[in-house]
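A.B. asks: The lines below spell out each chain.
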Amino acid sequence: MDFSLSPGAVDFRAAVKAFIAEHLTTEVVDQMHATGTFNDKTFNAALADAGLLAGAVPGYGDRDPIELYILFNELEKAGAPYDGLAVTMLVAGVVNAVGTDFHRNRVLQKLLTGRFNCCLGYSEPDHGSDVASITTKAVRDGDEWVITGQKMWTTMAHVSDWVILLTRTNPDVPRHKGLTMFLLPMDTPGIEVQPVPTMATERTNATFYDDVRVGDEWRLGEVDGGWAVMGVALAFERGVMGGTNPAVPLLRHVRDWAGGAASPDGGTMLQDPLLRERLARTAIANQVSQLLTLRAAWIAATGGLPGLEGSMAKLYATGRYQQAVGWFQEMAGAEGLLAFGVDDAAADGWIDYDARHAPVTTIYGGTTEINRNNVAERHLGLPRDR
Amino acid sequence: MDFSLSPGAVDFRAAVKAFIAEHLTTEVVDQMHATGTFNDKTFNAALADAGLLAGAVPGYGDRDPIELYILFNELEKAGAPYDGLAVTMLVAGVVNAVGTDFHRNRVLQKLLTGRFNCCLGYSEPDHGSDVASITTKAVRDGDEWVITGQKMWTTMAHVSDWVILLTRTNPDVPRHKGLTMFLLPMDTPGIEVQPVPTMATERTNATFYDDVRVGDEWRLGEVDGGWAVMGVALAFERGVMGGTNPAVPLLRHVRDWAGGAASPDGGTMLQDPLLRERLARTAIANQVSQLLTLRAAWIAATGGLPGLEGSMAKLYATGRYQQAVGWFQEMAGAEGLLAFGVDDAAADGWIDYDARHAPVTTIYGGTTEINRNNVAERHLGLPRDR
Amino acid sequence: MDLDLTEDQESIRDVFADFFSSETGPEQAREAEPLGFDSRAWDRLLETGAPGMGVAESSGGGGANLADLAVVVEEAGAHIAALPLVDHMVTTRLLARVGACDDDVLAGTTIVGLAIRPPQDGTARTVPSGAVARQVVALDGDALVLVDSDPGAHLQNHGCLPLAHRPLAGATVLAKGPDAAAAYHLALDEWRTLTASTLVGITRTALNLGVDYARERRQFGRPIGSFQAIQHLLADLPGLLDGARLLTAKAAWAGDRAVAGQTGVADIGDNEITDFATLACMALVSAGEAATTATDRSLHVHGGYGFSEEYDIQLYFRRARALTVVLDDPARECRRLADMLLTRHATGTTA
Amino acid sequence: MDLDLTEDQESIRDVFADFFSSETGPEQAREAEPLGFDSRAWDRLLETGAPGMGVAESSGGGGANLADLAVVVEEAGAHIAALPLVDHMVTTRLLARVGACDDDVLAGTTIVGLAIRPPQDGTARTVPSGAVARQVVALDGDALVLVDSDPGAHLQNHGCLPLAHRPLAGATVLAKGPDAAAAYHLALDEWRTLTASTLVGITRTALNLGVDYARERRQFGRPIGSFQAIQHLLADLPGLLDGARLLTAKAAWAGDRAVAGQTGVADIGDNEITDFATLACMALVSAGEAATTATDRSLHVHGGYGFSEEYDIQLYFRRARALTVVLDDPARECRRLADMLLTRHATGTTA
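Residue numbers (our numbering), protein chains in the order written: chain A, 1 to 386; chain B, 1 to 386; chain C, 1 to 351; chain D, 1 to 351.
In short, the hints are calculated from the structure, not lab data. Treat the hints with caution; some may be incorrect.
SDA-like mimics (lysine to any residue), calculated; alpha carbons at most 20 Å apart, straight line [to be verified]:
id	chain 1	residue 1	chain 2	residue 2
1	B	K17	B	A34
2	A	K137	A	D187
3	B	K17	C	D270
4	A	K110	A	Y60
5	C	K176	C	D140
6	B	K17	C	D140
7	A	K17	D	N271
8	B	K17	C	E272
9	A	K177	C	Q219
10	A	K110	A	G61
11	B	K177	B	W227
12	A	K110	A	K137
13	C	K176	C	A100
14	B	K137	D	Q219
15	A	K41	A	K177
16	A	K137	A	D216
17	B	K41	B	T26
18	A	K41	A	D187
19	B	K137	B	V214
20	B	K177	D	Q219
21	C	K176	C	E272
22	A	K17	D	D270
23	B	K137	B	F102
24	B	K137	B	A206
25	A	K110	A	G59
26	A	K41	A	G59
27	A	K137	C	Q219
Please read all numbers here as calculations on a predicted model, not as lab measurements.
One chain only, chain A, in its complex shape (with noise of 0.2 Å):
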């Protein structure tokens, strides 16, 4: 094995890291979680002039999926406001994989751009993680379709340009096979969006869909194939395009409180054992992770679906920023519990932020629980469950 980038990856990695460097100012991080959109249109337009977001399309153009997962990674590790970069860039990838020209030309090459937005629609209020029971609607009217349901937790669509929509066009047949996938301009009529507050500062919404017509050219992918798009955008989310690294900023944070805060027991907090315990095995979690999605994205760079793999990455990343960021809002006491902008707040208030964001990395994307169904039935091999 080897462990070093190519020379092209090496270059890109270090334009990334430059670009972070002078575009992921104080001014960006706090406003993403002011705003709780993590999603900066100038930071991605600015990302695309700079030539870094093309390699950023899974499946598309001459770059390789290590470049993909570099500037996730590297995005992720610096704390930017990545996360309506990589949906977007997931829908790129899917209609480039699946599209018509008409998509292809009408909106990836605008996605390319950086300065627009795409969302998922997947998700109903009562079809979470069994999403093939999803009820939205989409009935043919001649060339039009009419589309009418609600989804939840589309995270973005309130900066959205476009949404794809998973439907049910056939109640008649198994669950599966019953579902169309719709490439939607957000600024169709019928479309309304509702904010959805959570407990950490990030944003999501519901949306809903009432009697929304659009024409067939929207369609992606073939009639009642929508499980089959559905394959492709999460085969290239697991893993690769961020959220497998999520303790790097945390651990650098808590690094650099501990160095500076006074210890009960005297000294640093920097000096106390058992934190320094929990730095190491916080770091050696990090490489884990790291290693692991960086084979997810070495399977699909040497041709493969990395599903399995992002799945195993995924659970185990998960995992150790949860335990991580419990051992670091325990050991930082009542410091740890103070907010953004609280004097005195631990790591500046990015242990309270981490503590509250960290419960949902287990659910969205993918819970733990299904992410150990796949690992148990398709990679153990062993009996459904049901």
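Given chain A's structure and the hints, the job is docking chains B, C and D onto it.
C.D. replies: This is chains B, C and D only, laid out in the frame that chain A set:
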């Protein structure tokens, strides 16, 4: 609430402690680990002769179940060979609850002398957690029964005078309903005992029953009523008769060792902050385990059946015990690997012993999974999985 | 030996369960955020006599003991009452013990609180009731001091506790010397015990919320609570809950014995612990862990909804963590406990 | 970037998988207990050239690098070979580096081992191969020394490792000063890396044993592996296994770079770690945890049978723990790691 023991219980405990101080010699402890038989007939007989055993039969006589708890908790804390005694007294309780005068005269009175033992014949090679599916057959032949089959995990069979044996008497009804319990003298022709060595010091057995003929007077409970008899035994067993404070002797051994053991960081191991924290956490867990057990005893003492509370105590106590063993074995490093009798063995080899023994504690007497099912379905009211 | 509540305590529990269930709860907790003080509910609480109920009747209080107060605050925790009840109760008892508890404090019209951490540079930091209490009692060196001043500026925090720093400038000295320190430490152990009981209440409700959600929420054509993965996530919690409650009750029992002059023992070799300071510390660590684990698992069972502000579990989740660490890191509490367990020898008589 | 084995390594893996699968395994491991040395298999191993394969061809060895050796010993771990292979390999490389590796050592007819802990009072304690190795190399102060004596009296232990104390009296000094210490520490980091790889092999087989048992064992009318409780107990393990294997491979890669004179960096703020000493320590902790967890869960899945001597999982369970702690407490290893991570600054160039 009042956590003081009654004056009678205080006296009883003092008597048990005095007995242990006198009779639990190094030889007794060494002998139990050398033979793998956690039963000492001399010790048991002396306990009976000291008048401490009558109170150890659940539901028998005028002693408080709190005293039953005290007896086994003190024996467990002291690291005495109590396993055989616990099973024997459990059977005594079952015999007392559902047996005939014949059983009481022939068996119960002898058991109270501490000079005889019983073992449990429930599990079979193919039927462990799913004990209701056992296949050992008992077929009526006039006034006799002919029993054929095999039992597994018949611990103490090699030193037992009787076995209570769960058999299938009716294969044509739902599986719980065709079972009958027998109380079988171990010297009945056709019974064979084969040792099953384990990774810890303790030995268990497989027992074979080949056309074993016994009179109907050795039936315990109704024909096809074996499941109810097992229910009586289980309610007696869970939590109250030892098995929920194994970390007390571990903690004592580790504490005593740590005060004299050099730490690689300088000073003694007892000065290591992480060891101190973990000793304290184990001390907390030991208190909680004791209180959960005491609660089960209290429920029994006030006329209830503490089946669920026993499950909770066992889940909590065995999980913490395993955690503590893992901690201390790691912290003792190479010396924590060394066995009984090896110079320099950490805690005189107890860490190695406990690390070998601990895994079985979440298996025997009801696995963690079975206990969790119990609590989930019967205490929390969650819908059945099956 | 009696592991049931007394009849009196059952009445207290019923009365306060009714009170907190009608006057406080998730909606009121939300409205009280971020400060974490529901002044309307506090005013209603004065009518129940709760603020002074832990003070002897001879001193004008309600004559309740620590075990009784634990029953009250478990209900407050279960209903996530945004009230500085624990802090007021233990500080009131402390003031009464040093003869400095006036009627407004007894009545609760003046809110008092305890500085639970050693002051630094003349300031009591992150006082749990510091943003709402008028009077704060602290141990400054060997002096028990009381500062009477405007509540401090609220420090916005994870659990929406009314935290504030309180400068001790101008504080009155209530007592000095070993007795003053002993009185403070007794109060702090009472604070540990009652905070543990609050956490037990939080644990209880968090478990109920998770179980209710798991029974109602359906995925794949069945309640999610019928999946073994969900069942087993929840099945460890009743043991944690009941264990923490029993240990907290034992701490309260030991506290009442300590107040009555009976000493306890702390012998880990025999697992025989009746010493109040030891049990109070154990109870807080144990209840903190129960609450942290239960709220975490219950929130997870809620899926995405657990993360949304609309659902109640996140309120419990954040308060569980806040109350667990506001005094100190539980690992450091354990090391403090070890100092007690490993240096002290068993003293006094066996319970 | 290449996360696949080289073609050569695939051949090495296949050859040694065949060798260990036919010459070693659970039955042989049982027969070798309690000493933990299978002399017949060792004699057969000499024919493969494995004992000296990690030494440069110019010095008469097989020319394999650390990454190659990791492939070999993963197979040894997976087949629970009762052989002092890791110890012999790293010590042989160390001796070759200081020009003291004779032909018998290269051939494996003289077994050599490493004293992995600092000697105390003139004795190397609990040397992992101390009860079978003729020659033991230790770092005594700043002197790299070799003792040639009869193997020590076996210390019976949890994992049936051939542990023994080895007095250093009469030892030969091989080298002295900073270079000697550096050579020793390089060897110790190689020991960490290869022990990690052994643990990866143990993890792999433990997982397979658990999965096989769960598929075959039926209770309640279905394979126990169809219960979600069992599935989820096992489902975390592939990530632990693969993560530990990747980290170990990365450590071996960094070790080979270090031998070639390339320095690495260790920047936890950017999660950029290419330094060998750092990665070797990380790999051992990570693989130790994977093996401990996998053997524990797999044994549990086996029910009572896991505890019986008849089944194989208990062999893996005990060796996993033994290899995880025989060098030191993993928590102490983590503190040592923190010393490296928090005081060292990023040096050298990025990989």
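A.B. asks: It remains to establish, for every hint, whether it holds in the given structure.
C.D. replies: Now for the hints, and whether the structure bears them out:
no. : hint             : verdict
1   : B/K17 to B/A34   : violated (24 Å)
2   : A/K137 to A/D187 : holds (19 Å)
3   : B/K17 to C/D270  : holds (10 Å)
4   : A/K110 to A/Y60  : holds (14 Å)
5   : C/K176 to C/D140 : holds (9 Å)
6   : B/K17 to C/D140  : violated (45 Å)
7   : A/K17 to D/N271  : holds (13 Å)
8   : B/K17 to C/E272  : holds (13 Å)
9   : A/K177 to C/Q219 : holds (18 Å)
10  : A/K110 to A/G61  : holds (15 Å)
11  : B/K177 to B/W227 : holds (7 Å)
12  : A/K110 to A/K137 : violated (28 Å)
13  : C/K176 to C/A100 : holds (14 Å)
14  : B/K137 to D/Q219 : holds (19 Å)
15  : A/K41 to A/K177  : violated (37 Å)
16  : A/K137 to A/D216 : holds (15 Å)
17  : B/K41 to B/T26   : holds (16 Å)
18  : A/K41 to A/D187  : holds (18 Å)
19  : B/K137 to B/V214 : holds (13 Å)
20  : B/K177 to D/Q219 : holds (18 Å)
21  : C/K176 to C/E272 : violated (34 Å)
22  : A/K17 to D/D270  : holds (10 Å)
23  : B/K137 to B/F102 : violated (24 Å)
24  : B/K137 to B/A206 : holds (16 Å)
25  : A/K110 to A/G59  : holds (17 Å)
26  : A/K41 to A/G59   : violated (23 Å)
27  : A/K137 to C/Q219 : holds (19 Å)
Checked against the numbered hints given earlier, this structure breaks hints 1, 6, 12, 15, 21, 23, 26; the rest are met.
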